[in-house]
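Visitor: If you want the building blocks of each chain, they are given just below.
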Amino acid sequence: MIRVSADFAKEVKKRLGGETITNCYQCGTCTSSCPVARVTNRFNPRKLIVQSLRGKRDDVLTGEMIWLCCSCFNCQERCPQRVEIADLIYALRNIAISEGNVPNIYSEFVSALYSEGKLVKVAGFTEKQRENFGLPPLKKPDVEAIRAILAETSFGEVLKVLEGKE
Amino acid sequence: MKSYALFLGCTIPARQLNYEISARKALKALGIDLVDLDGMSCCAPPPIESVAVDASLAVSAYNICLAEEAGLDLLTICSGCFQSLARTNELLKRNSQLRKRVNQILSKIGKEFKGSIEVKHYLKVLHDEVGVEEVRRNVTKQLKNIKAAPFYGCHLLRPSELLKFDDPEKPRILDDLIEALGAKSIDYLDKLKCCGGLLRGYDDDLALELARDKVMKASKAGADCIVTVCPFCFINLDLGQIQIARKYNENYSLPIVHYPELLCLAMGVEAKELSPRSHRVKIDKLLEKMV
Amino acid sequence: MDKLKIAFYWAASCGGCEIAVLDINEKILDVVEKAEIVFWPVAIDTKYKDVEAMPDKSIDVCFFNGAIRTSENEYMAKLLRRKSKILIAFGSCSNDGCVVGLANLWDRDTIFRRLYIETPSTKNPEGVLPKTKVSVQEGELTLPEFYDTVKTLDQVVEVDYYLSGCPPPIPCIISAFNAILSGNLPPKGSSFLPDKSVCDECPRIKKDRKITEIRRIYEIEDDFETCFWDQGVVCMGPATRAGCEAQCIKANIPCTGCGGPGPGVKDQGAAMMSAVASIAPNKEVLDEIVDPVGTFYKYSLARSILRRRVLKKDE
Amino acid sequence: MKVGVFISDCGGLVSKVLDIGDIEKYIRGIDGVKLVEVRDSFSSGEGLERIVRAFKERRIDRAVVTECSPKIAEIRILNRLKEEGVNPYLVEIVDLLGSCILPHRSWPDKAVEKAKVTLLAAVERAKLLEPIESRRFPIEKSALIIGGGLAGINAAIELIDTGFEVTLVEREPFIGGLAARMVRFFPTDDCALCVQAPIYELKGVTKTSRKGLYRSGVSELPGLNIYTNSRVVSVEGEPGNFTVTIEKKPRYVDETKCIGCGECTKVCPVEVPDLFNAKLKSRKAIYINAPNLYPPVYAIDETICKFKECAKCVEVCPTKAIDLDQKAETIKLRVGAIIVATGFEEFNPEVIKEYHYGEYPDVITQSELARMLDPFGPTGGIPIRPSTGEKAKKIVMIQCVGSRDRRYNRYCSGICCMIALKHADMIKKLDPESEVQICYIDIRTTGRMHEDYYERAREQGVIFVKGRPTEIVLNPDSGKPVVIVEDGLTGEILNLEADLVVLSTAFVPSSGSKELAEILGIEVAEDGFFKEYNSKLRPTETKIRGIYICGGATYPKDAPTTALHASSAALKAGKFLRSGEITKDLKVAVVNEELCGDCEFCPVVCPYGAITTVEKEGHVVARVSELRCEGCGICVGTCPKNAIELKHYTDDQILAQIRALATKLDPKEPVVLAICCAECGHCAIESSGIFLIEYPPNVRVMKVPCAGVLKVHHFLEAFNAGVDAIMVVGCKPEGCHYEYGSIKAAQKVAFTKTLLKALGIEPERIEMFQMVHIEGDRFAEAAKLMVERASSLGSIKEMIKI
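Chains as they are written, first to last, in the numbering used here: chain E, 73 to 238; chain L, 10 to 300; chain C, 2 to 316; chain Y, 150 to 951.
Among the clues, some could well be false.
To be verified - Derived PhoX-like pairs (lysine-lysine); straight-line CA-CA distance at most 25 Å:
#: 1; chain 1: L; residue 1: LYS229; chain 2: Y; residue 2: LYS736
#: 2; chain 1: C; residue 1: LYS284; chain 2: Y; residue 2: LYS906
#: 3; chain 1: Y; residue 1: LYS881; chain 2: Y; residue 2: LYS813
#: 4; chain 1: Y; residue 1: LYS680; chain 2: C; residue 2: LYS284
#: 5; chain 1: L; residue 1: LYS34; chain 2: L; residue 2: LYS193
#: 6; chain 1: L; residue 1: LYS193; chain 2: Y; residue 2: LYS502
#: 7; chain 1: C; residue 1: LYS211; chain 2: Y; residue 2: LYS663
#: 8; chain 1: Y; residue 1: LYS502; chain 2: C; residue 2: LYS211
#: 9; chain 1: C; residue 1: LYS267; chain 2: Y; residue 2: LYS852
#: 10; chain 1: L; residue 1: LYS117; chain 2: E; residue 2: LYS212
#: 11; chain 1: Y; residue 1: LYS765; chain 2: C; residue 2: LYS208
#: 12; chain 1: Y; residue 1: LYS502; chain 2: L; residue 2: LYS200
#: 13; chain 1: E; residue 1: LYS211; chain 2: L; residue 2: LYS34
To be verified - Here are some chain E residues pointing at chain Y (derived, C-beta under 8 Å):
#: 14; residue: SER105
#: 15; residue: ALA109
#: 16; residue: ARG110
#: 17; residue: THR112
#: 18; residue: ASN113
#: 19; residue: ASN116
#: 20; residue: ARG118
#: 21; residue: PRO152
#: 22; residue: GLN153
#: 23; residue: ARG154
Unchecked claim - Here are some chain E residues the structure puts well away from chain Y; computed CB gaps all over 10 Å:
#: 24; residue: PRO175
#: 25; residue: SER187
#: 26; residue: LYS200
#: 27; residue: ASN204
#: 28; residue: LYS232
I should point out that these hints are in silico values taken from the structure, not numbers from a laboratory.
Being a predicted model, the structure only gives us computed values, none of them experimental.
The beta carbon of each residue, even a glycine, is placed where N, CA and C say it ideally should be.
Produce the entire structure from the sequences given, and follow the hints as far as they go.
Guide: See below:
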């Protein structure tokens, strides 16, 4: 028997970015706005929301759907009920990651930001090239400050989750 | 002329020297002074928001604090950085509860978001502050033969309520700036649709499929190049074409150029000064057409 | 005819009211011509014992400023009451308690602790606090008792006339002197301030009376002519007795209420609270008022209806 | 002052529980009580006559009467006294059964005490009661109707039938409104113009005959005066006596001379797109929207006419009806009642840029499609592609364009589903081969025979796609619009290419509604439509007596509902006018001009616009309209100068009652004062008694008209008098009978809490409760809570005896 419940929607609604989930009345504007949904039926924002609203927590958090949003905000722009869909998907990803469901590329982002204070490392070769083209030397981020900030946020817990995985 | 704190971000200085060089040159020539501040970090874009929204807001706000301390408005080149920073800036200005929450985090390192500066994308500065006419006046080499397909990307325009860059459904800024160079800005189907760049790394095939759609539609409309303003659009459409050729056996060879590159060329800068090797799709055909 | 005998006294107050007496300028000459000042500690050398020696009701008029904070204040209030035919509560402190009265939000112990121990500039490692009696080699030193509660003058003795303000407005002082010198006095219990509210004297214009937010004075760009309330700034004018000719407002500062409750109003703070709670569209707007009690009862807490919670050890 | 107290035993019900003798003894001891009587009943027969005689013969000045079922008893007693010339406001009625017996059966001893104190309070209040006079205000027996659409015309006909003169003002040169453009009306597919026509009997014309607006003879209705091209610019005066100023713009054609021959248009050289016909054809500067509209005479569009430079029409007019020198006129008239029937209009979908309305010619709205479907319209009843003029074979409709959309209008416009279905049906009937696809979110067909349209559409092969399209693009190859939509039922994204895309747009308030509301002193709701006095039971009344609203002015409506609504408004207006005068007890707010001056807070808070300000001896003082004042006292609860009082609930009366109720007969028992509004608050308290729900007798109840009348100092005085805890019981904020009195009261309670806290007194001693009238159980719970609190916090007397 399939159990339907509003618990998950309530949980999402409490999170940063997830506040507007219950505005949704399933008109599908998001899906027809979505460039990804136009090329594949693996992603459908309307379905993602209805699954969340029905309480299919596991399906949502362990499925691939939440990772297929390309963050173009077209759905959010056009939603007649002002559901902040892209933000909502970030909120869902936040929950998934905090529970250990972390795609590889995201673990890379996490460690890059934590270790470098930036997402992309500048290669020595590039530094040389920059000099050749007369670009100023790159200023370095304050990694300690970034780490101090991250420790105060839920990012800190994600780091623990990732350590546990290793 | 006005000074801005330059926010370079992560990708451009590491991977797209063509963008950084041309942007610095063009903006300087048009009288905009760029200041490189110490300590600027990552803008905390969607990949970080996906991990922890609160962390993204806080890191993004941290960068804004640095500019606030310097008393300068922030200018971004990358659209991703623009979206992260401008959105955070606007959200925190509007929502006092959120601001409180973020400032609580920032207080640990002695910073406070005050809401005293603006975050701007250089296109807007060129359009509104320098002015289209001034850009036109600086053009020494009219790009008359070029049919350029402007590509705004997503993070310049949306969410429009917070970014307030241009009309999200009918933007004109990039079109106007292209036409200021004497080139023709062409319309093409799904002009405002996403290139799929952010799917790279999670699902490259899907990212490629979206890029292919984009390149195909621009080509079909007769474009000589696609003009981008975002490093991710650039990678997905430029490098993407090499991969498309491999995967679909389709060869578009459609040059992808960042707007400042076009601008520099129109102002008479030599192509070789602009790191032409940063392009995977050769731009020679485009350069030839300019003469 | 004998000259009128006049006394001035200064209880718990800042002393500004004493200065205000001199602000009547050349009018003072008329006063001196017709009156003799028999007691005025700030200006002439008379001692308490001189007053004690005077026959009862020998002073014609006593201007009493300051609230009743200590046993000394209370003693002098009672003494002067006995010696005076007419006792006038002079200034906001004696009328309504004024800023001194705001101390009723705390008790003596808290005040002493804060004042003599906790303030950053204080160095008092032994924690010495004022006492009413201290024995030293030379003998016993005494201080008046500091009460827990500040009272208005009329909460201690009967008052004949009221002349409020912080300090009292000059024209009202002049009209009080005129009335006294001419013997043409109003009924007992009257105020020498007019029976109007500050709004009646305020030159500002009402424009859009829909209040949507409450702002502090530094948060607005004042246009110098629109009513402060229309600009979302709290102004006590409506509930405050006039006479000041809206001096503060003319200097572009909202009224803070020193005239005390307007005619027909018993509790100034409560009256203004009712008004503000009614014109505010919602609770959020009300919450923007940082310190409602300090805002609405700046001058009148000591004479408010409930005054304060009584303290077991008090009197 | 001599007070008589009349205690009814209610047929033995009271004495069964309470010791009446003990109560009587106590009452006799109250200062001012000169007479106490106890009987079975005082609401009829001998009992009632005894009260009359007490006033007449024993010369009492005031009376306190206890009765059960107070409402009915009150009416009987007061009516009888009125007959005898005793002012009913001198009598205070107490319901001992409901207030002291039913809810306190378990505590008879304590109930006796509560009864004593309740009567003491009634006596103390009675001593201060003043007679209140009743006044008559005459009513002008005529009405103004603003708006000449379906609602306005229907209301006018009804009012005229009732026997009143009606002036109808229409801002367009022709009446008929939006409905005139809609071709046919569901649910019977009648011709829109006929439906609007009056139905009345004349020789040869039966009662059901309808022949279009003009030929039906609307102009011949006796007592109807129609001003077209006109606007109401100001309304002054009081209910029953409004002075209306109307500005009539020049038509430049004499309505009495023009015979509608149309010779003028033939020579007129100025041509513009015809907006009435969705720009599908053009019209001249001198024009008529449709020949069967009223008035059937031409009008000149002054924004484009070349006037004297041309004047060709003047020459050709056979009746010399054209007068290019016509000037605007100002008309002043006096009416007793006003009906607002300004209707609604189509939302302009241009702002939804992704639909490209106004940019792609083949994207139109439903009202534009309606013009195409009119057999006498610009395309002869055929839907076409405006870009090419060819017949549209494939039509896609999009529902909810601008409605149910938080960016534009949150509400459902209600009728757009039916309009789309009606048009789909017409298209299918015209040509079964044409394709119609409707993109919808939910189809809403509430109303008799409405679902039939949905069924019929499915039978006819109309395709329903459940989804809201994201955008319309232009196919570069075919040049046709393509609607991109997710089919929510299959999950596929469809590209629907069409000849014609029709937007079912939202309907929004007529432009100028806000300005008109301001002129009339009535309100518009958040959605911009006119606000009803009570959307459930008084849907055509406004806060101001004598001003009514109907039709689409309050919300988009279909024809049947509009007709119903118009009749209701006409009935209400007719009833009001027929009475000829308003008789009103002046239980209103009264300004003390000595104290009042220059703060102007009360006009802002009055929900009825009853307070204006006037200049008096250099000061601005408040003035209350006795007619408009509803007696809530919110102004009183606001006035920082105590300069405005509510008659029958003056500050002295309220305070006397509070102080009496604070009396502690048993010093050990806490006293809780419940001050309730006379609406839901009091009903909730009463209903706890009626439903036999008990609450502690420590709770003493007093009633004020609206909690908004209360002031912070009332609460402080209550504490000062020894009340240990206060509960203010008002209506739910959204259901307050005086708009927002309950909210204001809650805000005052909140401030009082802040003050108490600062003074070192527990803020929990005062609480605001907001409930609906049936929540007796909630009241009982609240009462228990407050009594428990008062007990545990201890006596307040100990805390404030400075």
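Visitor: Determine for every hint whether it applies to the structure shown.
Guide: Going down the list of hints, with the structure as the test:
1. Pair hint LYS229 of chain L plus LYS736 of chain Y does not hold up; C-alpha atoms about 80 Å apart against a cutoff of 25 Å.
2. With a C-alpha separation of about 18 Å, the suggested pairing of LYS284 of chain C with LYS906 of chain Y holds against the 25 Å cut-off.
3. As the CA atoms of LYS881 of chain Y and LYS813 of chain Y are separated by approximately 31 Å, the hinted pair breaks the 25 Å bound.
4. The hinted pair formed by LYS680 of chain Y and LYS284 of chain C meets the criterion: a straight-line CA distance of about 24 Å does not exceed 25 Å.
5. Restraint check: the Cα-Cα separation between LYS34 of chain L and LYS193 of chain L comes to about 23 Å, which is no more than 25 Å; the hinted pair holds.
6. For a cut-off of 25 Å, the pair hint linking LYS193 of chain L to LYS502 of chain Y stands: about 24 Å separates their Cα positions.
7. With a C-alpha separation of about 17 Å, the suggested pair LYS211 of chain C and LYS663 of chain Y falls inside the 25 Å cut-off, and the hint holds.
8. Among the hinted pairs, LYS502 of chain Y with LYS211 of chain C is inconsistent with the structure: their alpha-carbon atoms are about 35 Å apart, more than 25 Å.
9. Between LYS267 of chain C and LYS852 of chain Y, the direct Cα distance comes to roughly 23 Å. Compliance with the 25 Å bound is thereby established for this hinted pair.
10. For the hint pairing LYS117 of chain L with LYS212 of chain E, the CA-to-CA distance comes to about 21 Å; that is within 25 Å, so the pair holds.
11. Restraint check: the Cα-Cα separation between LYS765 of chain Y and LYS208 of chain C comes to about 19 Å, which is no more than 25 Å; the hinted pair holds.
12. Between the alpha carbons of LYS502 of chain Y and LYS200 of chain L the distance comes to roughly 15 Å, so the proposed pair stays at or under 25 Å and holds.
13. Distance hint between LYS211 of chain E and LYS34 of chain L is fulfilled; the C-alpha atoms sit about 19 Å from each other, no more than 25 Å.
14. A least Cβ separation of about 4 Å between SER105 of chain E and chain Y falls short of the 8 Å threshold, and the interface hint therefore holds.
15. The closest approach between the C-beta of ALA109 of chain E and any C-beta of chain Y is roughly 6 Å, which is under the 8 Å cut-off, so the hint is satisfied.
16. Below 8 Å, beta-carbon pairs count as interface contacts, and ARG110 of chain E has one with chain Y at about 6 Å; its hint therefore holds.
17. A distance limit of 8 Å between C-beta atoms decides the matter here; for THR112 of chain E the minimum to chain Y is near 11 Å, and the interface restraint is violated.
18. Because the closest C-beta pair between ASN113 of chain E and chain Y is about 6 Å apart, less than 8 Å, the hint holds.
19. Restraint check, ASN116 of chain E versus chain Y: the minimum CB separation of about 6 Å is within 8 Å; hint holds.
20. The restraint placing ARG118 of chain E at the interface with chain Y holds, with a minimum CB-CB distance near 7 Å, inside the 8 Å limit.
21. The criterion of a C-beta within 8 Å of any C-beta in chain Y is met by PRO152 of chain E, whose closest approach is roughly 4 Å, and the hint holds.
22. Here the hint on GLN153 of chain E is kept, as its CB sits about 6 Å from the closest CB of chain Y, short of 8 Å.
23. Satisfaction of the interface hint for ARG154 of chain E is found here, the shortest Cβ-Cβ separation to chain Y being roughly 4 Å, below the 8 Å cut-off.
24. The Cβ of PRO175 of chain E lies farther than 10 Å from every Cβ of chain Y, with a closest approach of about 24 Å, so its non-interface assignment holds.
25. In this structure SER187 of chain E is separated from chain Y by more than 10 Å, as the shortest Cβ-Cβ distance comes to about 41 Å.
26. Distance to chain Y confirms LYS200 of chain E as a non-interface residue, since its nearest Cβ pair spans about 48 Å, more than 10 Å.
27. At roughly 45 Å from the closest C-beta of chain Y, the C-beta of ASN204 of chain E stays outside 10 Å, upholding its exclusion from the interface.
28. With 10 Å as the threshold on Cβ separation, the claim that LYS232 of chain E sits away from chain Y holds: the shortest Cβ distance comes to roughly 38 Å.
This entry does not satisfy hints 1, 3, 8, 17, going by the numbered hints stated previously.
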